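Protein chains in written order, with the working numbering: chain A, 544 to 674; chain B, 2 to 451.
No lab work stands behind these hints: they were computed from the structure. It is possible that part of the hints are untrue.
[Stated by the list, open to error] Among the chain B residues that face chain A by a calculated CB cut under 10 Å, a handful are: (1) Lys-13; (2) Arg-150; (3) Leu-313; (4) Arg-321; (5) Ala-325.
[Unchecked claim] To give an idea of the interface, some chain A residues facing chain B are shown, with a C-beta separation under 8 Å as derived from the structure: (6) Glu-587; (7) Glu-590; (8) Ser-606; (9) Val-607; (10) Ala-609; (11) Ala-610.
[What the hints assert, rightly or not] When the alpha-carbon atoms are kept at most 30 Å apart in a straight line, the in silico DSS-like pairs for lysine-lysine are as follows: (12) Lys-608/A - Lys-285/B; (13) Lys-608/A - Lys-324/B; (14) Lys-287/B - Lys-153/B.
Computed from a predicted structure; not experimentally measured. Ideal Cβ placement from N, Cα and C applies to all residues, glycine included.
Residue strings, one per chain:
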Amino acid sequence: MSELPGDLLYTSEHEWLRREEDGSVTIGVTDHAQAALGDLVYVELPEVGQDVDSGGDMAVVESVKAASDVYAPIDGTVVAVNEELADDPEKINADPYGDGWIVRLQPNGDIDESALMTPDDYQSLLDEEES
Amino acid sequence: MPFIPHTEDDTKEMLKAIGAPDLDALFDEIPADLIIDSLDGVPDALSEMEITRLMRGRAAQDGAPLCFIGAGAYEHHIPQAVWDIATRGEYYSAYTPYQAEASQGTLQTIYEYQTMITELTGLDVSNASLYDGASALAEAALMAVRGNRNNKSGRILLAPGVNPTYEKVALAIAGSQGLSFDRMPMDAVTGNAVTPVNDSEAPVAVVIQQPSFYGTLEDADRLTNWAHEQGARVIAVVNPTSLALLKAPGHWGDEGADIAIGEGQPLGVPLSSGGPYFGFMTCKQKQVRQMPGRIVGRTTDLNGEPGFTLTLQAREQHIRRSKATSNICTNQGLMVTAATIYMALLGFEGLRQVAIRSHQMTQRLLAGLTAIDGVDRLFDGPYFHEVAVRLDRPVAAVLDALAAQNILGGYDLSEASPELGNALLVCATETKTDADIDAYVDALKSVLTK
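Just chain A, with the same shape it has in the complex (with noise of 0.2 Å):
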């Protein structure tokens, strides 16, 4: 059973989003996705200022036996990246929804909350992929 933080959305794509403060999105995989892809040895980052449309990759993580994909949820502009992740991606294993955060985008506009999953429907995702 994996982790699944309450106050967080989800994709299909196996990310979460965390809305700040601010009104930047935080963005990284979930615990089930890490837990699928194995000890992660490299994640290649987008740089920062560079504009990124929903659906559209921008970033990469890498295990040693996969490299795969992860998607912008929703269209707006990096504004930070987790620079840790260069030295040390296995923080993504360790700590999915804190320290292991990938990136930060600025939404262009209003986030369209219901091209997103709540917690409940990622459970059901998981709960239909495991069966």
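Keeping the supplied structure of chain A fixed, place chain B upon it in accordance with the hints.
Frame of chain A, contents of chain B only:
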């Protein structure tokens, strides 16, 4: 010999099990208009007997001419031991084996190869090789685009001395992936690249060939620094033999080239009418995750013993599918084995002697040729083992007349580079003697006085 082990009964049974009427039905999802029955210029299959007869006939045409053609493939002496060792049963496979780690000897050979190529190019990491120099340029361009995400232009700027065939191949492979290739202007006196280039858009990478296709030596330091100032990556296209004398691309300019590629054929691979050859590729450590192909690493096993393993496989096609760094990531195992043995036999000093001797023979060739009325040197400046001259008449007929005397007199530049006029590219390596050069000079003299 059939390479499919199934009997007709096996096939029928399998089709029955999955409910398909025939083999063609398995390809139903391919739209009919994409299916072709035959390819222009590709004949129907021949029997073993027919193909043997055809190939014997082709081989008999070769003879043993005196060859002064370079233009990307170079005749060098290959010590007998090279292919004697490379064709031993333990080595004689063209492929990195599946379950690679079970073949420690093969992996060690590739590891030694990678070590030698990184030493030659002065860069940090080498892959296990690519098909040839031309496809290596395509891969290097794609790699530069992946690694330089600030620049979305997909625009690759080529120095004027990049082999025109390489450009064609790179365009064929990478053009459909959004890359475009432009040429920098050429200085008419030196044949080298002119900067600055008046561009509205900065290139994502600049390709510098050293020595250039025309045999000249670029100011690689200046060009590298200029490219880096534009925010572009630098791709070096280098001749491996020349690196025994010239500055390694890893040391060009203030920061060095980012990627170096080239044709590996001069390192122990015979001309063989154009192939098989191999391409080499090295890069800086920070680019390694964008590098296509296989990379062998050294590690220690459970018992603490040294061993070799394929590494950084997560971006290869069997894992990453369409998002792999490349979908042409096989290597030229047998050619690389020969090159590794060649480099090990010669050592750096041996390779240096080959390079020096080749340069000296080319100097003598150039002196002999330019002493003939109607032959002038095309470009000023230093050169390595190849040089362009201008004739007072069309080149093709002159080459035909020389070929009738069993001399391959060089590469006719007027087809690929008509703006250069009646230009001929000639090359002499350590395989040529003074008598060979005299024979060529005398033959050309008699052809041109007719």
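Check: If you take the shortest Cβ to Cβ gap from Glu-590/A to chain B, is it below 8 Å?
Finding: 6 Å, holds
Next item on the list: Have a go at the Arg-150/B hint: is there a Cβ in chain A nearer than 10 Å to its own Cβ?
Entry: Where the cut-off is 10 Å and the nearest Cβ of chain A is about 7 Å from Arg-150/B, the hint holds.
Next item on the list: Could you check if Ala-609/A really has its C-beta closer than 8 Å to a C-beta on chain B?
Entry: With a closest approach of 6 Å, the Ala-609/A hint holds.
Check: Is the shortest C-beta separation between Ser-606/A and chain B less than 8 Å?
Finding: 7 Å, holds
Check: Can the restraint linking Lys-608/A and Lys-285/B be considered satisfied, given a maximum Cα separation of 30 Å?
Finding: Holds, because 23 Å separates the two Cα atoms, which is no more than 30 Å.
Next item on the list: Would you settle whether the hint for Leu-313/B is holds or violated, based on the nearest Cβ-Cβ distance to chain A being less than 10 Å?
Entry: 9 Å, holds
Next item on the list: Tell me if Ala-325/B is really an interface residue toward chain A, meaning its C-beta lies closer than 10 Å to one of theirs.
Entry: With a closest approach of 9 Å, the Ala-325/B hint holds.
Margin query: Please check whether Val-607/A passes as an interface residue: C-beta within 8 Å of a C-beta belonging to chain B.
Written below: Where the cut-off is 8 Å and the nearest Cβ of chain B is about 7 Å from Val-607/A, the hint holds.
Item checked: Residue hint Glu-587/A, partner chain B, criterion CB-CB below 8 Å -> Result: holds, 7 Å to nearest chain B Cβ.
Next item on the list: Sort out whether Lys-153/B lies within 30 Å of Lys-287/B, counting only the CA atoms.
Entry: Within the cut-off at roughly 20 Å; holds.
Next item on the list: Against chain B, run the beta carbon of Ala-610/A and see if the smallest gap drops under 8 Å.
Entry: 4 Å, holds
Notebook entry, point to check: Hey, Lys-608/A versus Lys-324/B, does the alpha-carbon distance stay inside 30 Å?
Noted result: Roughly 15 Å separates the two Cα atoms, so the pair holds.
Consistency note: the structure conflicts with earlier hint 1 alone.
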